[in-house]
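Protein chains: 2
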Amino acid sequence: LTDKVISEDRVVARLKEALGAGAVLTGAEIPERNCADETRLSPSRPAALALPRTTDDVSAVLRICHETGQPVVTQGGMTGLAAGAHPLDGEVALSLEKLAGVEEVDPIAGTLTARAGTPLAAVQAAAEEAGFLCGIDLGARGSCTIGGNVATNAGGHQVLRYGMTRKNVLGLEVVQADGTVVSSMNKMLKNNTGYDWTQLFIGSEGTLGIVTRVVLGLHPKPGHVETALVAVRDVSAAMALLNRLETEFGGGLLVFEGMWREFVAAAVERIGLSMPFTEEHELLVLTEVSASAERTSDVLGALMEEGIVVDALLARSGTDSQRLWAYRESVYDYGRFQTTFQGFDISIPRGSIGAAVDDLRIMARERWPDFLHVVFGHIADSNLHIMTGPTHLDQPMTAADKALIEEGVYEVVRRHAGSVSAEHGIGRTKRRWLGHSRSPEELALMRTLKTALDPKNILNPGRVL
Amino acid sequence: LTDKVISEDRVVARLKEALGAGAVLTGAEIPERNCADETRLSPSRPAALALPRTTDDVSAVLRICHETGQPVVTQGGMTGLAAGAHPLDGEVALSLEKLAGVEEVDPIAGTLTARAGTPLAAVQAAAEEAGFLCGIDLGARGSCTIGGNVATNAGGHQVLRYGMTRKNVLGLEVVQADGTVVSSMNKMLKNNTGYDWTQLFIGSEGTLGIVTRVVLGLHPKPGHVETALVAVRDVSAAMALLNRLETEFGGGLLVFEGMWREFVAAAVERIGLSMPFTEEHELLVLTEVSASAERTSDVLGALMEEGIVVDALLARSGTDSQRLWAYRESVYDYGRFQTTFQGFDISIPRGSIGAAVDDLRIMARERWPDFLHVVFGHIADSNLHIMTGPTHLDQPMTAADKALIEEGVYEVVRRHAGSVSAEHGIGRTKRRWLGHSRSPEELALMRTLKTALDPKNILNPGRVL
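Chains as they are written, first to last, in this note's numbering: chain B, 1 to 465; chain R, 1 to 465.
Isolated chain B, as found in the complex:
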């Protein structure tokens, strides 16, 4: 132990020398925010917190940590749900919060360049001010950072239209494990000059290198947007609806969120929203299209006549649109009747979503009849979210319950060739389930890449692999 402390002290001294004492905090100086992300694990204080202000600072930190074999956990907005940024004992936390700011919006190239620690909301605002749209959006936009979005290949509400974060990235600057800065701040749509190494760092959750700067491709702002809530008989009908909306509106289909019967019932019975339709329906789809009200209404009318849509509400105003979104967002208010819950972020191939939801329901009914189980999510992207938990504040949900439910859900994922992580990443909490979605050959290849790029395993050790 003493040896470890001495070695840690030496590392901290060298970090202070490189960055200045004010940029390296220890012990009680380290703010709470750097001791836990949103995964709900107990806070854990890192050995030190490094606050680099420049790419060179990041390089200096990694050079020292690489030389000394010091493990590093990289931190952005601390909004992760897989404990990727949650410090482990003895790690140096490297937070990019001071390496922030939008450097440029290039209106001709249609690109935005930002430092990794820039909050997503600031990126979005800068894009909008220049007349563009940032293709990345998620609930945590106010706190999450663009570097974290890239490192986790973040998803969110706009994936159907603009793709995951990966598809919005044109260029990156990355600091490798040994401190080497490697940069491809590319602004061009086409650039086939050797391996596109940037792809490897996107979604690798800080285990292969640290993203310091990002070039995003921007999009034109969509025109007038219509919001509708649509009732369908089942998942097949929802998929037929999706296919038709894509054909009718092409790139104008922006949102396609599914909410199953139990989810809508909870919104009505537990959160107090009004019944959206006079009858209950198996599945509601919240959709947004960039089109005129008239055309949207015409298309929905035709789909009702064809029997693909059972019932539909088209928002007549912004307030009306918010009223429809309130169903989708009702899940954020479950705290009113639950103190604990188990949430899931999985993918199922679109053709198997119906069968997977059936399997989840059977499991829930047979094994956990006392809990509330709801399914909702970005179904066009194959992405389902599941929330399982008590039905009232006094009902207990134990760690054992959680573990068993987790096992059950991931077994359903495996059965339907799905993914144990659609958009939240693997981090520490989903490592044991990675084999449900990846073959031994894939895991071996990932390990080969990890070893090649971080031979001393100092970058986010124990995450992903």
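Worth flagging that the hints you see were computed from the coordinates, not collected in a lab. Careful: at least some of the hints might be erroneous.
Heads up, the list lumps identical chains together, so a pair's fine if it works in one copy or across two of them.
[As the list claims (entries may be wrong)] No farther apart than 25 Å at their CA atoms in a straight line, the calculated lysine to any residue pairs in the SDA-like style are these: (1) 98 - 185; (2) 221 - 301; (3) 167 - 290; (4) 16 - 33; (5) 221 - 302; (6) 167 - 142; (7) 16 - 55; (8) 402 - 417; (9) 221 - 240; (10) 221 - 244; (11) 221 - 236; (12) 221 - 305; (13) 456 - 444.
Chain B is already provided as a structure; the job is to place chain R on it using the hints.
For chain R alone, kept in the frame of chain B given last:
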């Protein structure tokens, strides 16, 4: 030499044992098509040609070649322009031509699964038959294969709307250098389970592994398409036009091809097309939008009033549209007056295209006033094509001319932070210029990846790196 021949013979014997004698050809049995790609180098016969029919066959070939250190060149449709598939002396050519066929179109997932050797045109036809559009299209569609498209991250005409091949790939099966088959035949838009290793193989030109099967995400077919030829004052005006069309038509803007003054003049004076407009203009843009004729006409009218557009022709029929496309395609008829030429495929950031074209013109006028120099290309994607060559059939263009012009063009690329390969790849012919677009740190990182995945350097050696 004798040792080498004996060792080659042993490898061939083992390959025949593994695949069957009919699937391994040698000497005169090897067809001409496997001795050269479209780069116009002298044909070169490989030591043997292996024709695997299954992924297991590919695995067997690589296992043997890995054990024996036998270099392998991978071949698809042989349409490459960078000599990537052109065999080098002593290499075993592994052609995927027999590993062909569309395995499935999944209309619910909106995906298509194909074996690597499937011609792109067959992939497109299968997608269309199922009511979808394949996002990848290029001139070589009849001969090029989907595996080759993935291996080279092919570009083409639809990149503005659907992205490079990379953006259309959802899943891959790859055989690694040692014969290990690694598979992620993913059909889901969201799948954040560890590193997306598939990205590494896309665009790596067969130097890291051999793509055997591909899952593509398909797109809805665009509705009614309008074609227009638009004259603008200069590149800035073209970029303003691009911005406005993207805003007006969103995902409906499909094509945006630029043709500079000299290119249009050659189409008229040398190929015999009629003058498109009464006056000459600095730059013509051929554009296609998915919108009604009325709306397209309204938007172009407004842009003329604003002075962004100088003149415009809107196609009134399919024949009319072909007449407009004939300008863009006139370059394929340069053989009428040239027997040799030097073609380029470069990218320049959109904001620097005007300055780069000016530089190219100055260079052409000062140093090669006797040659015809034309610039055209997918300017929305930053991609310029340049053709330089004689103005009549008897005019010589020597290898020395070609080399000097190459040097001059790539110097302009370097000056404007462009890319020496937009969509054709590096292969063998552009290796020496890779440093114009990539830093030493990037090249070192690429080499690290190559060494990790192909430690014996048997896969397409001498290509890319």
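Status of the hints after comparison with the structure:
no.: 1; hint: 98 - 185; in the structure: within (20 Å within a copy, 40 Å between copies)
no.: 2; hint: 221 - 301; in the structure: between (27 Å within a copy, 22 Å between copies)
no.: 3; hint: 167 - 290; in the structure: both (21 Å within a copy, 23 Å between copies)
no.: 4; hint: 16 - 33; in the structure: within (21 Å within a copy, 63 Å between copies)
no.: 5; hint: 221 - 302; in the structure: between (28 Å within a copy, 19 Å between copies)
no.: 6; hint: 167 - 142; in the structure: within (21 Å within a copy, 28 Å between copies)
no.: 7; hint: 16 - 55; in the structure: within (16 Å within a copy, 54 Å between copies)
no.: 8; hint: 402 - 417; in the structure: within (22 Å within a copy, 53 Å between copies)
no.: 9; hint: 221 - 240; in the structure: between (27 Å within a copy, 15 Å between copies)
no.: 10; hint: 221 - 244; in the structure: both (23 Å within a copy, 11 Å between copies)
no.: 11; hint: 221 - 236; in the structure: between (31 Å within a copy, 21 Å between copies)
no.: 12; hint: 221 - 305; in the structure: between (32 Å within a copy, 23 Å between copies)
no.: 13; hint: 456 - 444; in the structure: both (17 Å within a copy, 18 Å between copies)
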